[in-house]
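Colleague: For the sequence shown, my numbering assigns the number 8 to the initial residue and increments by one for each residue that follows.
Worth flagging that the hints you see were computed from the coordinates, not collected in a lab.
The beta carbon of each residue, even a glycine, is placed where N, CA and C say it ideally should be.
Don't take every hint at face value.
Calculated pairs, PhoX-like style, for lysine-lysine (alpha carbon to alpha carbon, straight line, at most 25 Å) [stated by the list, open to error]:
(1) Lys27 to Lys58
(2) Lys96 to Lys58
(3) Lys96 to Lys118
(4) Lys92 to Lys27
(5) Lys58 to Lys118
(6) Lys27 to Lys118
(7) Lys111 to Lys58
(8) Lys92 to Lys58
(9) Lys118 to Lys37
(10) Lys58 to Lys37
(11) Lys118 to Lys92
(12) Lys118 to Lys94
(13) Lys111 to Lys94
(14) Lys111 to Lys27
(15) Lys37 to Lys27
(16) Lys37 to Lys111
Pair by pair, the computed Cβ-Cβ distance ranges are [what the hints assert, rightly or not]:
(17) Lys27 to Ala55: 37 to 47 Å
(18) Met50 to Phe15: 37 to 47 Å
(19) Met50 to Thr13: 13 to 23 Å
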Amino acid sequence: MRLGITDFIDCAHFLPGHGKCGRLHGHTYKVEVVIEGENRGGMIVDFADLKAQTRAVLALYDHRNLNDFLDFSSVENICELLHTKLKEKITFPLTLRVWEGNGKWAETQDKTREV
């Protein structure tokens, strides 16, 4: 079974060498976290616990310049960074989707995820 939450962070970034996006600008990033697990005793995990673990990671980057953490802060690299940090806190198989504004997103999932 899959279970998910959505949260948001506001960050600045720029893409070195890119025409339009080479200047410092900001986005509200929508972050979707989906875990997979067995329903044992009525739930996979408490939503409050999943949200707290996610927010602990997102707080590291909220209202920050993502170029302080990444040389090239594309949505793909942001997604990979957040996935790596979330896996330090969340033990379930994890899929992460990061939306950069409306209609643009990147997704990553655990390589060991079974289909």
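Colleague: If a hint holds in the structure, say so; if it doesn't, say that too.
Modeller: For each hint, the structure was consulted:
Taking the CA atoms of Lys27 and Lys58, the gap is near 34 Å; set against the 25 Å cutoff, the hint is violated. For the suggested pair Lys96 and Lys58, the alpha carbons sit about 11 Å apart, so the restraint of at most 25 Å is met. Distance hint between Lys96 and Lys118 is fulfilled; the C-alpha atoms sit about 17 Å from each other, no more than 25 Å. With a C-alpha separation of about 29 Å, the suggested pair Lys92 and Lys27 falls outside the 25 Å cut-off, and the hint is violated.
Restraint check: the Cα-Cα separation between Lys58 and Lys118 comes to about 23 Å, which is no more than 25 Å; the hinted pair holds. This hinted pair does not check out: Lys27 and Lys118 have alpha carbons roughly 33 Å apart, beyond 25 Å. Of the pairs offered as hints, the one joining Lys111 and Lys58 holds, with about 23 Å between alpha carbons and a cut-off of 25 Å not exceeded. Restraint check for Lys92 and Lys58: satisfied, since their Cα atoms lie roughly 14 Å apart, inside the 25 Å limit.
For the proposed pair Lys118 and Lys37, the alpha carbon gap of about 22 Å is at most 25 Å, so the pair holds. A distance of roughly 14 Å separates the Cα atoms of Lys58 and Lys37; the hinted pair therefore holds under the 25 Å criterion. Among the hinted pairs, Lys118 with Lys92 is consistent with the structure: their alpha-carbon atoms are about 15 Å apart, no more than 25 Å. Proposed proximity of Lys118 and Lys94 is supported: the alpha carbons are some 12 Å apart, at most 25 Å.
In summary, the hint linking Lys111 to Lys94 is supported, as the alpha carbons are separated by about 23 Å, within the 25 Å threshold. With a C-alpha separation of about 16 Å, the suggested pairing of Lys111 with Lys27 holds against the 25 Å cut-off. For the given pair, Lys37 sits about 22 Å from Lys27 by alpha-carbon distance, which is consistent with the 25 Å threshold. Restraint check for Lys37 and Lys111: satisfied, since their Cα atoms lie roughly 10 Å apart, inside the 25 Å limit.
At roughly 40 Å, the beta-carbon separation of Lys27 and Ala55 lies within the given 37 to 47 Å, and the hint holds. Between Met50 and Phe15 the C-beta distance comes to about 24 Å, which lies outside the given range of 37 to 47 Å. A beta carbon spacing of about 18 Å between Met50 and Thr13 agrees with the range 13 to 23 Å that was offered as a hint.
Hints 1, 4, 6, 18, counting from the list given before, are not met by this structure.
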